[in-house]
Amino acid sequence: MESTVTRHIVDRWIGWTLRIGVWGSATLMVLGLALAWFSPGTLRLPSENPHPADVLHSLLSGSLDPVMLMFAGLLFLMLTPFLRVLTAVVGFAAEKDRTFVVVALVVFTMLLAELVFSLR
Amino acid sequence: MSADSFLLLIVGGIATGTIGAMLGLGGGVFLTPFLVLVFNLPMHQAIATSILAVIATSSAGAAMNVERRIVNLRLGMVLEIATVIGAIFGGLTANVLSGEVLSRIFAVLLLCVSFMMLWRMRHSREVSTPIDAGVFPASFKDEAAGEVVSYSVARVPWVMCVSLIAGNISGLLGVGGGIFKVPAMNIISGIPLKAATATSNFMIGVTASASAFIYFAHGHLNPLIASPAALGVLLGSFLGVRINRRIKGEYLTWIFAAALFLISLKMFWR
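Quick mapping for you: the protein sequence lines, in order, are chains P and L. All the letters of the first sequence, read from the start, carry residue numbers 1 to 120 under our numbering. All the letters of the second sequence, read from the start, carry residue numbers 1001 to 1270 under our numbering.
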């Protein structure tokens, strides 16, 4: 009985992580688009893509810059698969499946290496 | 960027997302040509936009399929090792190639996809690998047939090779690569078509994100293009799945295979 309860924890957690990622990012993008729609003259596209830390800072400062909101939505979407793999690591650990904790960690490490290498 | 352009991107995204979902191809195959040929967008920006759309549709679809346990989670995680390696090298390669070269490679891919669409109509494996004959045993409830389907996975190394190539194509050209992975999982490994499709779709989001930051760091992600297009494709994918339940027919596949053939010619000689 214990195994049927603990098994499939990871499925549910991954399902919720993906939902939060998709709808969270879509909300940010819709908000950015709506603001851009009503004030198209004020749109300022940076000369190069901003660092994710700058986007987060803009978001936390309460700025309603449409372009930054869209960037935030896109970055949140790009990070959703990372969160999904991280959730799998935790989920497999909760299911006590050590082999797949390692497999998920290998995938996560590769993704993280690509992220760090790209943004350095 | 005018309000009309925003609207056209959303509508274009919905249309390409709907067609992609109806044909089981994902949005990227049609979105990139739309952005390049209609919006005259540079190839790298079109690919970056397509990657974002692919992540959105894969994540939305996978959320449902994981909870219904149609996805073979453990197989997906193992194959992701191959797709992520392929995608990282694909993304790095794309960013040293010119837009013209990428456009021609994309044209060849479209040609392959159109042939694969027709080929898979005739070729699929009905009998899956018995549950005790392979690895990663799994079962799921087939709602349409009203029965529980049990299977296992054979010849994993072969499917890993195909996944490596599919991941590379994804990173290089911004498409999901399911058109290659699903037949391989079904025919080589004996995975039921529904589970193969759901598992492939589940992997595509991670594969796409493996190259997304490479494009982002190179400045190829334009939020004014990517946001409306990704939202449009996401809406279109929901619509496509609903339409797909009502319309079935080989003629649709033939029409869009022919359309892809023509688009590939246009992409090659643009």
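You may find that some hints are simply not true.
[As the list claims (entries may be wrong)] Covered by chain L, according to a simulated footprint, are these stretches of chain P (three or more residues, beta-carbon under 8 Å):
(1) 20–33
(2) 81–91
[To be verified] Listed next, the stretches of chain P that the computed footprint assigns to chain L, with coverage defined by at least 3 CB atoms under 8 Å from CB atoms of chain L:
(3) 53–64
(4) 109–120
Rather than coming from a laboratory, the hints here were simulated on the basis of the structure. All values reported here derive from a predicted model rather than from experimental measurement. Ideal Cβ positions, reconstructed from N, Cα and C, are used throughout, including at glycine.
The hints, checked one at a time:
1. For the segment 20–33 of chain P, the stated coverage by chain L holds: 8 residues have a C-beta nearer than 8 Å to a C-beta of that chain, and at least 3 were required.
2. Beta-carbon proximity to chain L at under 8 Å applies to 5 residues in the segment 81–91 of chain P; the threshold of 3 is reached and the given coverage holds.
3. Residues of the segment 53–64 of chain P with a Cβ under 8 Å from some Cβ of chain L number 0, which does not satisfy the need for three, so the listed coverage is violated.
4. Closer than 8 Å: that is the beta-carbon criterion, and the segment 109–120 of chain P has 6 residues meeting it against chain L, so the requirement of 3 holds.
Violated hint: 3 only; the structure is consistent with all others.
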